[in-house]
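Line by line, the protein sequences are chains A and D. For the first sequence, the residue numbers in the working numbering are 1 to 549. For the second sequence, the residue numbers in the working numbering are 1 to 134.
It should be emphasised that the hints constitute simulated quantities derived from the structure, not laboratory data. Note that the Cβ used here is the ideal one computed from N, Cα and C, for glycine as well. Any given hint could turn out to be false.
Label-pair distances were calculated between CB atoms; the ranges are [said to hold, decoys possible]:
#1 A:Pro219 to D:Arg111: 53 to 61 Å
#2 D:Gly109 to A:Pro392: 53 to 61 Å
#3 D:His51 to A:Ser419: 49 to 57 Å
#4 D:Glu107 to A:Asp494: 17 to 25 Å
#5 D:Asp47 to A:Pro143: 44 to 52 Å
#6 A:Phe460 to D:Glu132: 33 to 41 Å
#7 D:Glu122 to A:Asp115: 30 to 38 Å
#8 D:Arg104 to A:Ser449: 58 to 66 Å
Short derived list, chain D residues pointing at chain A, Cβ under 8 Å [said to hold, decoys possible]:
#9 His19
#10 Lys21
#11 Tyr39
#12 Ile96
#13 Pro98
#14 Thr117
#15 Arg134
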Amino acid sequence: MTEQVKRSEEKSENPKADSDLTETNTGVKVKLFYDPEDMPRFDYETSLGNPGQYPYTRGIYPTMYRGKLWTMRQYAGFSTSENTNSRFKFLLEQGQTGLSLALDLPTQLGLDSDDPLAKDDVGKLGVAIDTLRDMEEIFEGIPLDGISTSFTINSTASIILAMYVATAEKQGVDPSRLRGTIQNDIIKEYIARGTYIFPPEPSIRLIGDTIEYCIKQIPRFNSVSVSGTHICECGATPAQGVAYPFLTGIAYLREVLDRGYDIDDIAPLLSFHLIAGGVQFNFFQEIAKLRATRRLWGKILKERFNSKSEKAMRLKFSTGGMGGGMTEQQPLNNIARIAFYALAAALAGSQSMNLPCFDEAYAIPTDEAIRTSLRIQQIIAHEIGIPDVVDPLGGSYYVESVTDFFEKEIAAEMERIDSLGGILRCVEDGMIQKQLADQAYQVQKKFESGEMIKVGVNRFEIDEEDRELEVFEVDSETRSRQIDRFNRIKEERDNQKVELSLEALKRAAAEKENLMPSILDAVRAYATVGEIVGQLKEIYGEASPVTVF
Amino acid sequence: MSSRRPIRVLIAKPGLDGHDKGAKMVARGLKDAGMEVIYTGIRQTADSIVHTAVQESIDVIGLSILSGTHLSICEELMEKMVKEDIGDKFVLVGGIIPKKDVNRLKEMGVREVFRPTSTVDEIAQFIQREVEKR
């Protein structure tokens, strides 16, 4: 991205300003200062509107943080359900208002804990879930109608959602009262994160099934969180980090529209997870980008999809800083970085924050590091006056100019991908993966050459003694404990019921029916994640990996 | 170092983790440094890595591990390499590796560990040097 923020037609009128252009760490060129001439077409009503008014540039709700602060979530979850349950209780006691559950890779890939392929990964990056029993124990003593929970789960999202619903049933909570989010975004898994199982077409159908189920049964649950964070960590530019999730979100919307639903019923169930922070973070541009993101989504919904509903046109997004911006050198510097990421997110009107932790470059964050990231959010929320005024940067010549710029950049990138055959096509043939790898490599070279500065890494380095940072370690007995539990459940459950439910599931998959009812039946019978996925693999086959670099 | 053929490197991503930006970046950097690089793609097992290394007459295996699974993965891989008689090829590990584990990995026979502070250049130079030693 090397285009200038300044519009080209004005450039020739004022050649002197060109010499003032400087390229920022995002590749965007900016002027020395901005003035009214930089926003000749600015019209308050059409460009901004009041908070809560179309096109939602200033925020999606009229009172924003005065009415309700952003949700403070830190990603947590490790080893077994009991450990995760106590960490959740710890976080709730500390004042956290939502939970975010990390699942281990075998669960994310549909492998049971006793699968040979899972042997190194059980309970490592998140909690292991094999059956409904694990989910019940994770939320033991935490009434599900009192919290909102976010699940970072994609190819097995339908199963995890079914388990959450079944846990609510067991707690005596009406599932229609459930609040939370499942990530359920498969396209970015093919691009950046890698936890895909099935080929794209049936995977997207399965996402459609969960959205359809949520519309009917649990309308307060965000059935998809389309994610830009992972692809940004993988080398996407800030504009691509919005354009690709938008194209992805549109693909999911179309899947459900084709089933005869109204856009105004589907769109409110979509939320986005966008980057605020990371390798190429630029404070004001990040805020402008997020404002542009809201405005552009509103326009797409209204103009392209003829949405009539405010709820549908309001873009809900959470922000994540992601660990890519964290350094191992002088790790306390990361606390400052995290604070800037969080401040940018708050000034941009994020609905929910999930910050990285200062020890992220070492290992899974410790309690202290997680708490510090939560405290940063609380300081911004309660100490320094940020929530009092909505969109305080609105009207700034610079911020508005860059907001316009990003809106155009994002739209242009969407058009480019569509002209190349659409997001799915560009992912299947590896074009996007290759492009991101190229860009990531170029950025890395810039850090290595010192062209891009990272404090404490390539500038202002010090000789550091071996640091005494506490490193969080997963209990080495996790896997055997989880397998013991798993075997016990397999003995206790009604295996005939499991068999029947799995056969019914397989039939439904072959018939392309909505799979949620049969997945729920299988889950209630304590079928394992691996058993359910195994049935689906037989019908769907598996995705083939892309290894371009 | 043999002047007849470029150094052949296998970049592998063992385990279930799919975050392979770092693996690809190192692969790309080594290629730019004149080496022949094969990238296995994600979700490799010790068996599949050793198999590819043998098939492709690899000089160096570079493992990218971010998920905290480095100790068990490396232990298994080093054993398999000896069994398959490619114990003379050297193994490098890159990723989120706590400092205190570096020596344990080296005791297993890993030649060097590149942590988040390392640069692609450093890795390329290290490989050149080590191959020339032989």
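Status of the hints after comparison with the structure:
1. Hint check: Pro219 of chain A to Arg111 of chain D, Cβ distance near 56 Å, so the stated range 53 to 61 Å holds.
2. A hinted range of 53 to 61 Å holds for the C-beta pair Gly109 of chain D and Pro392 of chain A, which are about 58 Å apart.
3. In this structure the supplied range 49 to 57 Å is violated for His51 of chain D paired with Ser419 of chain A, their Cβ-Cβ distance being about 41 Å.
4. Distance hint check for Glu107 of chain D and Asp494 of chain A: the Cβ-Cβ separation is about 49 Å, which falls outside the suggested range of 17 to 25 Å.
5. The hinted range of 44 to 52 Å is satisfied by Asp47 of chain D and Pro143 of chain A, whose Cβ atoms lie roughly 47 Å apart.
6. Checking the proposed 33 to 41 Å range against Phe460 of chain A and Glu132 of chain D shows it holds: the Cβ atoms sit about 34 Å from each other.
7. Range check, Glu122 of chain D to Asp115 of chain A: Cβ separation about 37 Å, and the 30 to 38 Å hint holds.
8. Between Arg104 of chain D and Ser449 of chain A, the C-beta spacing of about 34 Å breaks the proposed range 58 to 66 Å.
9. Given the 8 Å rule on beta carbons, the hint for His19 of chain D holds: about 7 Å separates it from the nearest Cβ of chain A.
10. Against a cut-off of 8 Å between C-beta atoms, the interface hint on Lys21 of chain D holds, since the closest Cβ of chain A lies about 5 Å away.
11. Given the 8 Å rule on beta carbons, the hint for Tyr39 of chain D holds: about 5 Å separates it from the nearest Cβ of chain A.
12. Annotation: interface hint on Ile96 of chain D holds; nearest CB of chain A at approximately 6 Å, less than 8 Å.
13. A hinted interface residue such as Pro98 of chain D counts as satisfied when its beta carbon comes closer than 8 Å to some beta carbon of chain A; here the least separation is about 5 Å, so the hint holds.
14. The beta carbon of Thr117 of chain D comes within 5 Å of a beta carbon in chain A, closer than 8 Å, and the hint placing it at the interface holds.
15. For the restraint placing Arg134 of chain D at the interface with chain A, the shortest Cβ-Cβ distance is roughly 26 Å, beyond the 8 Å limit, so the hint is violated.
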